[in-house]
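Student: Here's the letter readout for the chains.
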Amino acid sequence: MLNPPDKGSIFLRGQNITIAKVDLNKIRTRIGMVFQHFNLFAHLKAIDNVSIGLRRVKGFSKEEAHKKALEALSRVKLQDWANHYPAELSGGQQQRVGIARALAMEPDVILFDEPTSALDPELIGEVLQVMLNLAKAGTTMLVVTHEMGFARAVASEMIFLDQGVVVERGTPEHFSTSIKSDRVKNFLSQLDILYGSHEKLIKESEGEEKI
Amino acid sequence: MIYQANPFEQIMSVLNYWDRLFSGYLLTIWMYFLALAFGFILGLFLAILKVYGGTIFSKFSIVYIEIIRGTPLVAQLFFVFYLPFALNLNTDILVIRTTFYIFDREIILKLMSYPIFIGILTLSLNSGAYQAEYIRGSIVSVGKGQIEAAQSIGMSRLSSIRHIVLPQAFRRMIPAWSNEAAYLPKYTVLVYFIGGVEELFFQADYIQHRTFFPLTTYIIVAIMFFITISIISKLLDFTHKRTKIPGL
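Line by line, the protein sequences are chains A and B.
Just so we're aligned, residue 628 is where the first sequence starts under my numbering, counting upward by one.
Just so we're aligned, residue 894 is where the second sequence starts under my numbering, counting upward by one.
Isolated chain B (complex conformation):
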């Protein structure tokens, strides 16, 4: 009979690679935050264009959003990854790499390289399209009366959007937008396909090949995602309650 390690032994042998789980986790979170932030800026821009851009500029926004939403993220990743090669562009991007020690264990953390850059860029471009729709929905829900009132006291259109519409739209946006905030950590996993990004799934693959405990490895990785996303949800719920307008 083949020797079968008991669950506790399996967990311990997977956790023995905690340094790799840790650096992979940090890279995943790093990509997630950057993509969410850049995606938000892009989404805000697209949403404003779609709502206030008139016939021409709103078309641009609509076409972009529909192309992104209508094609697979993996295809987008490959497209953005190979495009610079096809155009003979220089892909020697600045590499950021640090090593540090925790409990005498060397932790190697690569924060920027060509594939990581492509990963963050593509996730931002993708997330921006989805976030644009959340933001647009909340902008429209604020209602025309608010911008009319702002313009009635002489505020310019841009100033009305910035000081009157957006502060209200952002507050209303949080519950729906938390969807995107909860989706995106899991989408960073797809960067695995373009290779050379040592994020959590890359490390999980490495660990399961070393330990021969794929089930245990992936359950531990799943738990790490679960905890992270639960915290993000709670934080957003909290923010939503804190920014509530009194009386409403």
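Looking at chain A on its own, in the form it has when it is part of the complex:
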């Protein structure tokens, strides 16, 4: 709801939140958001990034907010980094602070906008690990991602979007066995070339050279 939708409606726990009279600020406290580029508050320490929402939005006292923020940080295994500023943390750590910030507000659902696509391959693992733990703990998450392996392992439902249109939807089993659309097959084979069989990539580029 940071960008007003073009059309359609969004329901949160049965309540339509796209009608004019809802208080969007209230709704946003119930929807967590994790950004592609982290968007941590640069002037605040990790702990204050997490606690500021509790203090300014939920009206917690300083001590209460601090305590809850520390709990959220320990859920993403960053309690030892609480007093560091975002610019002093690695990308993966920053994203985990971002997750803790969303988590601390105890939202009904957390949205992830490509949470790992701005990270080094080595740092993706720690973020996915944290997300996996959240999923196991029963947090509702809506994740936009290219990490197909992760999606298959965690998701209860997967939706493949292309240019804003739903191409295919189904369970993870469906996506590993019985894909219907060519668009999805093509995407997966591209991933396969990138991460799996390099021979094919090399072969294709040689082919182009000959032409």
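In short, the hints are calculated from the structure, not lab data.
One or more of the hints may lead you astray.
[Claimed, not checked] Derived pair list, reagent style DSSO-like, types lysine-lysine, alpha-carbon separation capped at 30 Å: (1) A:K672 - B:K952; (2) B:K1037 - A:K695; (3) A:K672 - A:K763; (4) B:K1037 - A:K704.
Following the hints, position chain B against chain A.
Tutor: Just chain B, lined up with the frame of chain A:
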């Protein structure tokens, strides 16, 4: 041959009026600080209006800034000075005046009167327009992601601006804004044109007529400005370093 006093004698005879230099200096600094402070408040308001005001309110801010930046400060001074007369308003403003003694020398310090009020008001209105642009620049440089993130955890727009955007914008603002802080002391001099404000240049004029050493007088006044502005620059540099965000 006309008797020509040597430089040392000239300096001593000008400095003999140190009480006037002192009271003039205090009035200049007084006007400077008030104008800078009020200008900052106005500038902040204009900047927020320009960035977040939508199409209508940002227009208001743009028009104000362009009018102020597009006209001479002296013209603005005269305009604000004569406007109350044209409208038949009461100009008997509260006068604040103190006298005190240093080394048996009586120092007369007038801190508020109609022309002083007009001077401070006009300088504030003028400085506000320039400061607005410095503040706007730093607000825009903070980036949309910060306010989006603040709103994503349910903070209102106003609260996001106050707690997330402005603390970062103020830190980034200091180097550019120090321009305005260094310009303004020199602009207070223009208040001399509306008369009746006994600031540093008024006193300098008085002294050079008494001593007949204009060059020496104005060099001493220039040195006073130079030292003041150097200190202001150093203080702002220091503040900039102290408020730096670790890691950035």
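Student: Now tell me if each hint is right for this structure.
Tutor: Verification of the supplied hints:
1. Between K672 of chain A and K952 of chain B the CA atoms are separated by roughly 37 Å; this puts the pair beyond 30 Å, and the hint is violated.
2. Using a Cα cut-off of 30 Å, the hinted pair K1037 of chain B and K695 of chain A holds, with the two alpha carbons roughly 27 Å apart.
3. A C-alpha spacing of about 28 Å is found between K672 of chain A and K763 of chain A, which places the hinted pair at or below 30 Å, so the restraint holds.
4. Between K1037 of chain B and K704 of chain A, the direct Cα distance comes to roughly 28 Å. Compliance with the 30 Å bound is thereby established for this hinted pair.
When the structure is compared with the earlier hints, a violation turns up for hint 1 alone.
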